[in-house]
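A.B. asks: All chains should be modelled from the sequences, with the hints used to inform the complete structure.
Heads up: the protein sequence lines correspond to chains H and B, in order.
Here the working numbering is used: the first residue of the first sequence is 1, the next is one more, and so on.
Here the working numbering is used: the first residue of the second sequence is 1, the next is one more, and so on.
Keep in mind the hints are simulated off the structure, nothing from the lab.
Hints should not be assumed to be uniformly reliable.
Some chain H residues near chain B, calculated using beta-carbon distances under 10 Å [said to hold, decoys possible]:
id, residue
1, Lys2
2, Thr3
3, Leu7
4, Leu9
5, Arg10
6, Lys13
7, Ser35
8, Phe82
9, Val90
10, Pro92
11, Ser94
12, Thr195
13, Phe199
14, Asp200
With a Cα cut of at most 27 Å, we get these calculated DSS-like pairs of lysine-lysine [unchecked claim]:
id, chain 1, residue 1, chain 2, residue 2
15, B, Lys213, B, Lys115
16, B, Lys121, H, Lys13
17, B, Lys28, B, Lys8
18, H, Lys19, B, Lys29
19, B, Lys213, B, Lys28
20, B, Lys29, H, Lys86
Which stretches of chain B does chain H cover? Using the computed rule of at least three CB atoms under 8 Å from a CB of chain H, they are [to be verified]:
id, region
21, 82 to 92
22, 100 to 114
23, 117 to 131
Glycine included, every Cβ here is placed at the ideal spot set by N, Cα and C.
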Amino acid sequence: MKTIYILWLRQLKRYYRSKSRMIGSLAQPLLFLVSLGYGFGHVYQQAGQGSYMNFLAPGIIAMSIIFSAIFMGMEIIWDRQFGFLKETLVAPVSRLNIMIGRTLGGATVATMQGIIVFFVSMLAGFTPYSWAMVPFAFLVMILVAIMFTALGTMVASFIDDMHGFQMIMNFLVMPLFFMSGALFPLEGVPPVIATIARFDPLSYGVDAFRTLLINTSHFGIGLDILVLSVITFVFLTLGGYFFSKIQI
Amino acid sequence: MANIIEVKNLTKKFKDLIAVDNISFDVKKGEIFGFLGPNGAGKSTTIKMLTTLLSPTSGEINLNGHNPVHEANAVRHSFGIVFQDPSLDDELTAYENMEFHGVLYNLPKKLRRKKIEELLKFVELWDRRDSLVKQYSGGMKRRLEIARGLMHSPKILFLDEPTLGLDPQTRNHMWKYLQEHNKSEGITVFFTTHYMEEAERNAQRIAIIDHGKIIASGTSDDLKKQTNKTSLEDAFLELTGDNIREEEGSSLDKIRTMRRRWTGNRR
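C.D. replies: Structure below.
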């Protein structure tokens with residue numbers, strides 16, 4: 001337990017201390033929110049769909065969570081290159097505990113990012129339909145954050161330099177984000193897109209956020225939570241397995 | 001004296017390469033042992049196997065009575081290590097790095113506090129304990145790593161090229177701490193270096209490894225006598241030949257270059 005706590009604490013301290021990263025990771029969601037939110041708002045409204053800002057905000061919250069969670073998980077690559085990982089791996093601690101501590105730390109940071117983006121989008125004009133549902137949305141954020149931090153850890157176990165990181169961003173994270181329906185409604189899209197979205201775990205995160213924040217649902221909250229929980233469990237197990245196989 | 005490290009017929013194969021080829025050696029309890037060899041000879045691979053980071057392809061290791069493969073945690077409690085590359089968290093303070101280590105090694109809070117103070121004073125970093133490690137010089141980082149390696153009172157301290165890139169002052173200080181600790185606590189020191197003079201001055205016994213095989217061992221005087229040379233450097237060159245060893249640039253080197261470009265080289 002103490003091991004998990006100290007690893008968790010370390011992630012938080014690192015996050016808190018690197019202000020540039022904190023600001024940098026907020027700039028991107030903000031840019032999306034402002035450009036797309038205001039840019040398409042008018043067209044969206046004319047199509048009779050209501051406020052695009054309200055529709056978009058849950059998607060952008062999901063985006064900030066997936067980006068920071070994957071990044072936090074993949075931080076193992078840095079730790080590996082700069083040696084700190086060795087310090088933890090020669091310590092008399094089980095690899096599983098190291099992985100859990102890191103993942104919880106990363107997920108906490110990613111959740112905080114999501115919550116910050118939630119409030120930032122309120123400044124941009126987003127309003128949740130019911131404040132009573134907001135705490136539940138925060139809980140789902142934790143789940144989504146754990147899921148993608150574990151995925152980041154898993155992926156990082158295969159990669160040994162930062163070039164690989166760019167690959168993952170372009171070929172895994174970007175598609176997961178753009179295909180999830182974070183930016184557009186999944187109703188009425190061509191069947192190919194709909195099918196891809198159905199296999200994208202982030203779709204269920206976005207959908208759960210929309211259900212809880214603006215009371216619109218595509219898959220239904222029950223299915224959302226079920227899929228998210230199962231996938232999180234799978235990623236955690238695989239992440240733990242591959243992390244335990246890392247050789248320096 | 002009893003042996004604290006016993007290695008028998010140890011071999012490590014990577015895909016197309018035999019990094020360590022059937023080596024055997026012993027290190028006595030309380031000894032300062034130098035493990036020398038040219039680049040790529042198998043030093044770091046051997047240390048990784050001794051410290052549970054790599055599992056051997058074949059052969060036996062016994063470290064403080066335990067087997068690194070089957071009793072990894074008992075072995076991990078027995079040694080401290082200073083790696084070839086810094087392994088500190090730059091974003092944490094010196095104190096936090098020590099605290100982190102103490103928690104991982106399960107030292108109770110009171111003992112942890114006491115040890116941190118004692119060791120940071122020992123390596124003369126107590127005044128700078130609350131500075132972030134990224135503000136430290138290379139020499140300070142090394143000293144901090146030594147303090148950290150000693151924190152859980154290990155029986156053996158491994159040092160993989162600990163003095164690389166340090167000025168003579170820092171080097172001297174570092175060896176002074178190590179010698180002191182060796183005398184007062186009886187800790188066994190196992191180190192690698194490329195500075196022959198350092199090995200000559202500090203190691204009670206030396207083993208020389210080349211192309212994965214141990215080609216000579218004994219005291220510095222033994223090796224000089226064996227090769228009929230007056231310095232250990234000459235003896236070393238006589239034994240290992242004077243060809244330059246080409247090591248393939250690892251991804252680590254590439255990353256370091258990248259990082260240097262980004263951060264203006266702090267290491």
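A.B. asks: To test your reading of the hints: which numbers does this structure violate?
C.D. replies: As far as the earlier hints go, 7, 12, 13, 14, 15, 18, 23 are violated by this structure, in ascending order.
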